[in-house]
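Engineer: Listed below, chain by chain, are the residues.
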Amino acid sequence: MSIQIRNLYKSFNGVIVYKDFNIVFPEGTISCILGPSGCGKTTLLNIISNSANPDRGGFEGLENKVISYIFQDPRLLPWKTVEENIDFVLSRDIPTDERKEIVSRFIRLVELDGFTKFYPTQLSGGMRQRVSIARAFAYPSDVILMDEPLKGLDIKLKLNLIKAFAKIWQTDKRTVIFVTHDVDEALLIGNEIFVLSQAPAIIKSQQKIEIPLANRSLSSNFLKDVKKSLISALGE
Amino acid sequence: MKISITKRRAISLASIVFMLIAWKLLAMYFDSDFIIPPPEKTLFTTISLFGESHFLQIIGATVLRGLIGFIISLIAGVSIGILAGTSPNFNAFLKPILVTIRSTPVIAIILLALIWLNATSVPIFIAILTMFPFICTNVIDGIKSVDSHLTEMAKVYQVEQKRIVKDVFVPAIMPFIISGASSAMGIGWRAIIIGEVLSQPRYGIGTVMQTAQTFLNVDAVIAWTIVAVLISYLFEKIIRWSENRLIFWRN
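Protein chains in written order, with this note's numbering: chain X, 5 to 240; chain E, 130 to 380.
Hints listed in this document are in silico derivations from the structure and should not be mistaken for laboratory results.
A couple of the hints might just be wrong.
To give a feel for the contact side, a few chain E residues facing chain X, derived at Cβ under 10 Å [unchecked claim]:
#1 Lys153
#2 Leu154
#3 Ala156
#4 Thr233
#5 Asp276
#6 His278
#7 Glu289
#8 Arg292
#9 Val294
#10 Pro300
#11 Ala301
In silico lysine to any residue, SDA-like type, Cα no more than 25 Å apart, as pairs [as the list claims (entries may be wrong)]:
#12 X:Lys84 x E:Glu289
#13 X:Lys208 x X:Thr175
#14 X:Lys155 x E:Tyr286
#15 X:Lys167 x X:Phe122
#16 X:Lys84 x X:Lys208
#17 X:Lys162 x X:Ser128
#18 E:Lys295 x X:Thr120
#19 X:Lys155 x X:Ser221
#20 X:Lys177 x E:Lys295
#21 X:Lys231 x X:Ile207
#22 E:Lys291 x X:Asp97
#23 X:Lys171 x X:Thr33
#24 E:Lys284 x X:Phe16
#25 X:Lys160 x X:Ser145
#26 E:Lys284 x X:Ile106
#27 E:Lys284 x X:Asn54
#28 E:Lys291 x X:Asn68
#29 X:Lys167 x X:Lys177
#30 X:Lys121 x E:Ala205
#31 E:Lys284 x X:Arg109
#32 E:Lys284 x X:Ser95
#33 X:Lys84 x E:Gly315
#34 E:Lys295 x E:Arg374
Heads up, the beta-carbon is just placed ideally off N, CA and C, and yes, glycines get one too.
For reference, chain X alone in the conformation it holds in the complex:
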């Protein structure tokens, strides 16, 4: 079931961030939210993950949904190894053997096989973010929220992480809501791209990309055209 948000109202210290806002995130696809900083992208994720309360609004398709979150910073526990960090979020109702199996499967998927016993400080920034991606997928969630997880990383690392993410998502197509202000990231990851305006936010443009993640190239004519229209929507 898709996630629908209807007539959302939210204000912060008198500033109206959302006013009668509507959006639908289809199930099993990656929706990207593009928008200028301060337009309330993170607020939207926090409302979906229930860490912030809306002033008013109707939600559908969120009941009993389990949520994973990939944050901008990896948020790993510095005193736990790679495998312990992933294991940390797994419910203790799952037997130890099964948890071990899950953890090692997702470590393999993000290609950190040799690093299971490493502590976060012994890893590079990109590797830490890969642990955070593995953790989000290892957790049995219905929805994965991503809040600019690639911000501040260099382009090579970004492409690397997008590849890792695409690979793992292909095997396990969960509903993903990806927030970013980088148009290229959205083009490489999104199935559905929404451009939001300054607060109070409205959807200024919505684009659909049906090319599989692995076959996308920023230099293809189709993505160049989409990029043009996204940038013009952002610039308005």
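Guided by the hints, dock chain E onto chain X, whose structure is given.
Structural biologist: Relative to chain X, chain E alone:
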């Protein structure tokens, strides 16, 4: 870098030599063992203490009191500190109690404890009342400094509160627990010895110091003081050593 470390060591060593010379000069000036015995004589007295018949019992009794007091303070300080750090209401309730304990003069507590308790328990009681607030306050400060991003992450992933405490809070506040434990130990030994001087348990460093003072054995008073300093130093070393093992992830 290496040169500067050696150099600083040399300066620290010079400081110790300076204290010894000052001590020797004062001893020569007063020229009386009843006021200030010379350092070399005190050193011999200290060494001869090790051969004294009840030396191990005396040391053992004091160290045991210190450890009992410390362990009780540590367990109570950490658990009550975590409760107060995570519950603002409980913190508001606890604060006046901690302030009262901390600002009550130690001697007042000792006088009351002498009425309430037996000679052996008085020093332990005093030690707990001086050590517990240190550890507890440090833990509360530690909880405040826990990265809210990590607790937020744990909550999004619906990790149970019990595991959040065990796997997020406790490791995060470990540096605070250790620095609290270190300062608590430092004042704890002093409190125990004061308690022993006044309550006169059968064995204890404070007990023998009081006896030595009565007979004007100034060198024995100083010699036992040196033993007390050595014990305190040893435990400080143990705490620092465990710090490196418990906070391994910091490097």
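Engineer: Tell me, which hint numbers fail for this structure?
Structural biologist: 1, 2, 3, 4, 9, 13, 16, 20, 25, 30, 33
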